[in-house]
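Q: Chains as they are written, first to last, in my numbering: chain Z, 1 to 173; chain B, 1 to 99; chain A, 1 to 515; chain D, 1 to 639.
Accuracy of the hints is not assured; some may be wrong.
Computed Cβ-Cβ distance ranges for the label pairs, DEER-style [claimed, not checked]: (1) 4/B to 148/Z: 33 to 39 angstroms; (2) 163/A to 161/D: 27 to 33 angstroms; (3) 228/A to 4/B: 52 to 58 angstroms; (4) 71/A to 4/B: 44 to 50 angstroms; (5) 542/D to 26/A: 53 to 59 angstroms; (6) 542/D to 71/A: 55 to 61 angstroms; (7) 472/A to 52/D: 43 to 49 angstroms; (8) 71/A to 76/Z: 58 to 64 angstroms; (9) 597/D to 148/Z: 30 to 36 angstroms.
Within a straight-line C-alpha distance of at most 25 angstroms, the following computed DSS-like cross-link-like pairs (lysine-lysine) qualify [as the list claims (entries may be wrong)]: (10) 366/D to 472/D; (11) 459/A to 388/A; (12) 507/D to 366/D; (13) 459/A to 374/A; (14) 87/B to 26/Z; (15) 388/A to 30/D; (16) 388/A to 28/D; (17) 366/D to 436/D; (18) 363/D to 436/D; (19) 471/A to 436/D; (20) 510/D to 436/D; (21) 203/D to 68/D; (22) 512/A to 212/A; (23) 527/D to 472/D; (24) 363/D to 507/D; (25) 528/D to 363/D; (26) 506/D to 496/A; (27) 203/D to 363/D; (28) 388/A to 31/D; (29) 471/A to 30/D; (30) 374/A to 512/A; (31) 436/D to 367/D; (32) 68/D to 512/A; (33) 510/D to 528/D.
Read the hints as simulated data drawn from the structure, not as lab findings. All C-beta atoms, glycine included, are put in the ideal place defined by N, C-alpha and C.
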Amino acid sequence: MNGETIAFWVLSLGLVVSSIAVVFSKRLLRSAIFLALSLLLTAFFYISFGAELLAGIQILLYTGGVITLIVFVILLTEGIEMKKLEETHRGIVPALLASSLFFFMLVYYTWTSPKVRSLAASTPSSKFNVSKFLSESLFQEWVLPFEVLSLLLLAAIVGALVLARRERKEGET
Amino acid sequence: MNFYSILWVAFLVFSIGLFGVLSRRHLVGVIMGIELMFNAANLVLVAIGWAYGVLTGQIIALFAIAITVAEVAVGLALFLLIERVRKTVQADEVSLMKG
Amino acid sequence: MISETFPVLSLITLSPFFGAIILLLQPERWYLGIRVTALFSSLISFLGSLYVLVYYDRTLGGFQFIEYIPIVHSLGISYHFGADGISLVLILLTSFILIAGVFASWTISFRSKEFYVLLFLLVTGVFGVFVSLDLFLFFLFYELAVLPMYLLIGIWGSSTRIVPSGPFATAIKEMGVGSKEYGAMKLTLYLLFGSAFILVGFLGLYSFSGLKTFDYLALETVSLTPSLQNWLFLLFYLGFGSLAGIWPIHTWSPDGHAAAPTATSMMHAGVLMKLGAYGIIRVGMGLLPEAAHTFAPVIGTIAVINIVYGAFGAMWQRDLKYVVAYSSVSHMGIVMLGAATLNEMGLNGAILQMFSHGIMTGLLFALVGLIYEKAHSREILRMGGFAKRMPGIATFFAIGTLTSLGLPGLSGFVAEVLVFLGAWKSSYSWWLIPAVFGAFITAVYVLRVLKWIFFGPEKKIYHKEDFSELKDAIGVEWIALAILSAILIGVGLYPKLLLDLIDIGVVELLQKILT
Amino acid sequence: MNSILLFLVLIPPFVSFALNGLIPSLRKSKKGAAGLSIFSIFVSTLASVLLLVEKPEVEFLFEWIPSKTLSPIHFGFFLDPFAVVMLFVVAVVALMVQVYSLGYMSEETPSSFGRYYTFHSLFAFSMLGFVASSSLLQIYIFWELVGLCSYLLIGFWYHRPEAARAAIKAFWVTRFGDVGFAIGMVLLWGATGTFLLSELFVKAPELSNAYLSLCLLLIFFGAMGKSAQFPLHVWLPDAMEGPTPVSALIHAATMVVAGVYLVVRLFPLFQFTPEILSFVMWIGSITALIGASLALIQEDIKRILAYSTVSQIGYMMAAAGAGGKALGLFHLFTHAFFKALLFLAAGSIIHALRTNNIWEMGKLAKKMPQTTILFLTGALALSGIFPFSGYFSKDEILIWMHNQGFTVPFFILLFTAFLTAFYMFRVFFVVFMGDKEAKEHGHESPWVMTLPMWILGLLSLGAGFPKETFFKFLEYDSESYHSYLAYLPLTVSIFGIGTAWLFYHKKYFKPSRIAETLSPITHVLVKKLWLDDIYLWVYRRVLNGISFLCGWFDRYIVDGLVNAISWSIRQTSRGLREIQTGRIQDYLYGIIAAIILFIWLTLGVLPTRDRINEKIENPVDYIQAPLIKDSKRDKNKHD
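Make the full structure from the sequences, and use the hints.
A: Pasting the structure below:
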């Protein structure tokens, strides 16, 4: 058991525990914080896979942007409903059953798949600098999806604006 | 760092997110569950890319993150709209799709 | 004389379609404009059908006025039109009913533009089916003819009340039997049910023939194995039969016809039911001759059931539209019986009966519409002595009912006699006896209805002091009645006019079936 | 030339019908409609007289229904002496009746007056066409058309419920007979392939006797309906609801005897089937007796005459059935005149007194002398008193029956002759000599009514004399016989008249006491042999019952089943709809289930697993990304 493995297990444990905390904590703000934590831990995983760029983006976009958004929304609406929501979950048992069934199915098929087995057998070295290749391929081969994605983002921004905009009532200037 | 174990951790996170989506009553809670699921999926993508030694996994994960951001933005906007129009933030009270 | 290559069949078929488009461009408030447009485009079809009737080369026979434009090479779909003796007569029937229908709905005031548009779409479909020589096109037009009916009945129809009873009373009550929505939905579902069978049959023909074509003339040359033919024929029989109102899948017809507005029930009972019979004869018998032989006893026996059962069913009805609708079921039985005889007399009779019954039901439904418009009732027993107030309507009604019971001098007689002769000449001579008996039952109920409505003293219970509402038909309403009655009498006096044409088609068809 | 004459007979009434029918203004002008109609039938009468003189054999055909594989059906006309005589009778009586109607119907409104003459023209055309028809199908066509006219004219006063009912009854009963006719006709066609009489006569002997018998029996069934033979005679008395001239023309002189004419016309076929002929004779004899008996107890003058018609047609049928077709036609010929005369005279009385009941009439001999004389003429002719025409024809029939050895029918008919004389003179004595004062003041009819009656009176007086000529015209050898028999019918008739005189004039006996003595028979007669009740029962219970069954079955079982199926589908879908709660999370379960199923299918069940894995083995082909080993990627390598 080397240091890498220990680090991996610690990270994994943190990820799982924080995820559980996300879905179970009664206060949404706390959930949001735990979500941020789990996203951050994922970024560490990325680094361990040698995807530094991705990890950076994860931290910047996710942990920075998304969580901020969520927190804002929670704060905006907290006064309205939070107190009414005594019970934060509904139908825990079927949800638990369904999600665990899903989990075990995934585990079963990955375990039995010979392809995964062969992949697991040939674990390559994780140490290589990919950021350059990544940027190159992103702007050459994947440029069309990239641009489409930018369009999508634009649409999302506009859409979010339109949706969240308060309708101006008559007589209101 | 076993390939299997990384997969299974991701699956576990995914299932936890799924559980959140299925059981959370607050809409923001549901959105957070979705985030967890996305995150787990990204993790698997990167892991498989890593196992193959190709960059595609990372690229797709990159796109996925961007899409997630868009989704969260729209989703939260919708949440605000629902909260304003329907005066509720509970997922189980929004039942417009009932036939 | 128009040149040889002039696409006259396309003109006939598409004239209502373009008429519908022009109608769509007009504003609703152009009362006269809408009607004149409708009349004009139906007149074009009518003149076209007269033209083909006159210039059809009787010595040559076969399909003429062929138009052929391939559409999809790889699937063997083409725009292929052509007409022989049988389809010519039915085209003529359609254009007559169309003109009469335009006149009969002249006074419709609620959304008349949309009404005409849908009616014309329907008619385009009907014309298309009669002239199509490509099965794909055939099916396309067939569907086009079936679907507008839903809207026509659902929007402009009228409801009636059916007392729920019997073992399925709950179901009958809860389904809302008798309402116009029910009638429309039932009709549409039945006919779509039928067309599903037809589609499967067409695809079967397409794939089993091995020709990769939907062309009728090409498929004619293929001879399939007997068992295959039987299965396909069964599909066509069920599919087209649901439209032709064969027993026991006829129950959409009374409900649908009773709910439909005047021009629609004219068009539907007059022409659309004939599509079914035409389909069985043209596609079923024309393409699957051996199966026609195998199935002839079944078709004929069910047709005989139709005749007698429909007549008795009509006798029980007390709603005028239902009486006419059930008589249609009975008369379609005569058509199918004629088809099942598989000999010249019988088939001639079947086609002539299609024509005659189409005109006759058109007339009767037009009259029922008029009576309903004036008396605001369709319940026979609440009427009485109308002949005094509306002698003209009474006369035309008498002509219609007398055709229905097969009075000589009117076209129904010739058709019925031909079918009777054919039935006796066929392999199952006993068909003759119930068929003739059915004609007698028709006389019983039809004359009874005539008596109840028009004869006897005027019933005061119903229209109280206000007799002024009961007026005879006026103005434009006469035209439809006069046209249709004139045809009935004309064909009845000298049937050779049409029979010459029909005979050409029938003999060719029989040559295929009998060899 | 001869076919032109024939068309001169046939076309004018049709033209009159068409013009009157199509031009409302003509129809509604009283004089125009009647004038046109009478003129046309007058032309027909002249032409038919010319035909009688010419005695032609005309056959004229044109194709009506084409056929390639079977023989086409022709439409055309065919005249033989029988037809020529019949044409004459029809035309003359029709002319007389139409003239008479000018007076009788004068109170009608213009439109219904025009309608009356339109129908009359149609009737004249169809009846003449029927007589001249060359094929069985054509006979059937005109047969139905005269039936239609009868229906229309019985129901002429359609606002009277009785008239409407009687009209419909007449049509139904005759149509019921026509079911037999139609089937028989088709059967005959099926065996011979032709409808043409001339060809049928040639081909008939080739048919098997049983088959031909069946066909003819069925055809005769039609004749029974039309000619009001027992047991289908019930419509004729009710048909008296129509205007009296109509009864005179259609229900006495012409249409009802069409059945007799049919038997005569088809005699070349009937002669091969002696069984059917004797059936015809028996039916005729029974009808004669029943008709006469029923006439005894009627009180309505027209109904008496109607039953008398039934009875007399029975004579004709019996004669035809016994093989004496010329005798049948001869009786038809004379009967047409005197029965029309009787009806017109009755109409004259009804017109004056506004009642049909003989007990409300009386002392008319003084008030209506012309009518009295004419009625007496008719009654004497009907009773068969020398020298009136009925004597000759009835005598011939009775003697023929005797000579042919049909003893029982002979006695039946002889007894009927007695009854005939009795009931006719019962009417005569009650109506004209009776002492009861009528409510309305009787008066003689205008000349347009009396003139036709006088002509018919002369004809009924004289029509019997040219007996020999008549038979020669029909190419029939009348036998000479002089025995006690020749006087027997006359004696019987005179005896009948005498009895009536004793009963109703001198009142030596009370008829009611006789009726009481014979109460079972009287009861049967009052009930009209329960035939009406039976038919009503069949109509009400059987036909309506079946129709109820069919209609109910259709609505509630066949359609009910359809509704039940659709209803159960709807109920099921309603239950299923509960699944759709509207909560997104609940739908997610469905999505999860679908994903699990999908994964299970692709990876677990379906045999695609190995194929997928195999393809992923080589990632370069599959995912276009640079391999780590090949760090410097050449873009153009794959191009």
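Q: Verify the CB-CB distance for residue 228/A and residue 4/B against the hinted window 52 to 58 angstroms.
A: Holds - the Cβ-Cβ distance for residue 228/A and residue 4/B, about 57 angstroms, lies within 52 to 58 angstroms.
Q: Run the distance test for residue 510/D versus residue 436/D: straight-line Cα separation, threshold 25 angstroms.
A: Between residue 510/D and residue 436/D the Cα gap is close to 17 angstroms, so the pair holds against 25 angstroms.
Q: Should the hint that residue 4/B and residue 148/Z are 33 to 39 angstroms apart at their CB atoms be regarded as holding?
A: Once the Cβ atoms are compared, 35 angstroms apart, the range 33 to 39 angstroms for residue 148/Z and residue 4/B holds.
Q: Per the hint of 58 to 64 angstroms, is the separation of the Cβ atoms of residue 71/A and residue 76/Z within bounds?
A: holds (60 angstroms)
Q: Between residue 366/D and residue 436/D, does the CA-CA distance stay at or below 25 angstroms?
A: Holds, at about 13 angstroms.
Q: Do residue 542/D and residue 71/A keep their Cβ atoms within the hinted range of 55 to 61 angstroms?
A: holds (59 angstroms)
Q: Would you check the hint for residue 203/D and residue 68/D, treating anything up to 25 angstroms between C-alpha atoms as holding?
A: holds (21 angstroms)
Q: For the pair we were handed, residue 459/A and residue 388/A, check the Cα-Cα distance against 25 angstroms.
A: Holds, because 12 angstroms separates the two Cα atoms, which is no more than 25 angstroms.
Q: For the pair supplied as a hint, residue 87/B and residue 26/Z, confirm whether the alpha-carbon distance does not exceed 25 angstroms.
A: holds (21 angstroms)
Q: Mind checking the alpha carbons of residue 374/A and residue 512/A for me, to see if they're no more than 25 angstroms apart?
A: violated (51 angstroms)
Q: Tell me if the straight-line CA distance from residue 388/A to residue 28/D falls inside 25 angstroms.
A: Roughly 15 angstroms separates the two Cα atoms, so the pair holds.
Q: Under the criterion that the straight-line Cα-Cα distance not exceed 25 angstroms, is the pair residue 507/D, residue 366/D satisfied?
A: holds (21 angstroms)
In this structure, the earlier hints numbered 4, 10, 19, 23, 25, 26, 27, 30 are contradicted, and the remaining ones agree with it.
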